[in-house]
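Here are the chains, one letter per residue:
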Amino acid sequence: MPAISFQSVSKTFPSARGGKLTALDGVSFDIEEGEFFGLLGPNGAGKTTLISILAGLSRATAGRVAVRGHDVVSDYAAARRQLGVVPQELVFDPFFTVREALRIQSGYFGVKNNEAWIGELLESLGLADKAHSNMRQLSGGMKRRVLVAQALVHKPPVIVLDEPTAGVDVELRQTLWQFIARLNRQGHTVLLTTHYLEEAEALCNRIAMLKTGRVVALERTSELLKAASSNVLRFKMDSQLPPEFAHKARVTGRIVQLPAHDAHEIEDYLSAIRRAGLRVEDVEIRKADLEDVFLDVMSAGYQQQKVAA
Amino acid sequence: MAGWQTLLYKEVLRFWKVSFQTVAAPVLTAMLYLLIFGHVLESHVKVYGTVSYTAFLVPGLVMMSVLQNSFANSSSSLIQSKIMGNLVFVLLTPLSHWSWFVAYVGSSIARGLAVGTGVFVVTAAFARPSFVAPLWILVFAVLGAGMLGALGLIAGLWAEKFDQMAAFQNFVIMPMTFLSGVFYSIHSLPEFWQRVSHLNPFFYMIDGFRYGFFGVSDVSPWLSLGIVGSAMLVVSAIAVHLLRIGYKIRG
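Residue numbers (the numbering used here), protein chains in the order written: chain A, 1 to 309; chain B, 1 to 251.
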């Protein structure tokens with residue numbers, strides 16, 4: 001039985017002009033028990049909507065979502081017991097201290113005598129010395145840690161993190177990922193949405209990419225990296241690129257990056273640059289990373305490639 | 001503790017942690033009403049023949065405070081958590097709509113009774129009413145607090161801004177409590193306004209509550225019980241239904 005199963009999930013909202021806005025359009029995929037799964041996509045692709053439906057914060061217009069076999073609508077109580085969700089927004093209850101917030105959250109799930117686990121969470125997330133601080137007094141990073149602790153307080157087998165490292169400092173990102181990776185090794189399933197593609201590349205064994213409410217890629221991370229151009233030619237230049245490959249390039253200021261399948265293609269690029277009499281600096285060839293794949297998929301090149309292959 | 005008990009506990013803790021604002025302040029307000037209206041009207045108004053105006057006023061003020069604070073409790077808790085976004089912590093739990101209802105209405109009853117007791121203790125120093133039928137006092141206090149807690153729950157779910165909540169409180173709840181006979185016996189009103197008052201369910205709460213103190217009321221306490229009980233059922237059914245469908249909280 002999959003840890004999470006999305007079956008033809010659609011969601012439409014009434015739009016301001018009286019029409020309909022499609023946030024999700026027939027999304028279907030399963031996440032297996034024990035996976036570290038990445039859900040990627042640009043802003044507005046429907047990632048948070050999909051997670052809201054999974055968590056019961058929102059309802060699908062059509063389709064079905066199940067957590068370890070429990071339907072999130074008809075069997076919501078069982079489904080939510082299996083889930084620990086770290087929301088994207090930095091929310092907190094200003095009336096309570098960190099420890100009170102965790103005790104209360106634990107109580108909602110009917111978990112009794114949970115002090116040992118609450119202590120371990122505080123310790124693992126570097127919150128031990130803040131246990132008696134009021135939530136209002138915490139910095140943004142500390143509040144984020146409490147959100148993670150709150151999501152884990154009932155020891156859910158399935159953990160959902162909706163952009164947990166957005167605007168978070170390096171130290172917390174390290175602490176957080178070490179802890180989540182440990183939970184994953186212990187058998188917890190993890191579903192992660194993130195904007196940091198290197199995080200997804202380092203952590204996730206499988207990835208789904210969403211674009212305007214549809215799944216446009218669903219692969220093992222290694223396959224996804226293989227499917228894209230395997231190398232990238234990177235250099236700096238001040239002038240315009242030759243028109244024959246300008247459309248393939250990713251340009252960030254002076255930095256130009258060109259996807260290349262093999263050495264011939266790299267030679268072609270370099271000779272075209274020489275013919276055009278352009279001056280380039282800091283030339284390097286590197287392995288393609290998830291960001292290259294992501295940009296490729298989002299510009300729809302990936303799908304065409306798959307069809308051609 | 002079961003899940004619903006935790007939510008009830010959390011809701012009680014929420015108002016108790018700011019009890020100066022949620023309990024002490026309304027007690028002081030009620031005492032000021034008693035001092036001013038009692039002073040001005042004591043010698044001018046006679047009710048039920050033998051009861052002094054100040055003594056008549058005490059149960060009315062107690063009930064008014066119970067009603068307003070029960071409403072304020074559930075409504076402000078919900079609107080605050082909605083606007084702060086921390087309602088998500090409860091939305092993510094397996095708690096059923098019944099658990100939500102019991103916790104939000106239960107904590108509102110707790111606050112209503114805490115404020116009501118405070119108002120009674122303070123105002124009793126000025127005029128001690130009798131206790132003819134204490135059970136009626138308790139029944140109407142709990143029912144009134146419960147109904148306003150459930151109304152606050154509905155308003156809290158419905159309102160999206162503090163402005164809308166203030167409108168509900170000031171244009172619906174306040175007039176209905178003030179015009180329910182807190183400050184006067186409706187027998188002193190012209191006949192038309194007496195009939196209008198009979199349409200206001202808040203009138204029966206205060207009238208039945210006052211019966212518990214004096215053994216005298218404008219209508220039979222059994223009639224009041226029937227009307228308040230039915231109103232409570234209707235309001236509760238609506239509140240539970242809205243929670244079940246996730247009205248404005250689950251998109």
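Be aware that a few hints might be false.
Chain A is faced by these chain B residues, among others (derived, beta-carbon under 8 Å) [claimed, not checked]: (1) ALA2; (2) LYS17; (3) SER43; (4) HIS44; (5) ILE83; (6) GLY85; (7) VAL90; (8) LYS248; (9) ARG250; (10) GLY251.
These aren't lab readings, by the way, just hints derived from the structure by calculation. Glycine is no exception: its CB is placed at the ideal position from the N, C-alpha and C atoms.
The hints, checked one at a time:
no., hint, verdict
1, ALA2, "holds, 6 Å"
2, LYS17, "holds, 5 Å"
3, SER43, "violated, 47 Å"
4, HIS44, "violated, 46 Å"
5, ILE83, "violated, 11 Å"
6, GLY85, "holds, 4 Å"
7, VAL90, "holds, 7 Å"
8, LYS248, "violated, 12 Å"
9, ARG250, "holds, 6 Å"
10, GLY251, "holds, 4 Å"
Violation of the numbered hints given earlier is confined to hints 3, 4, 5 and 8; the remaining hints are satisfied by the structure.
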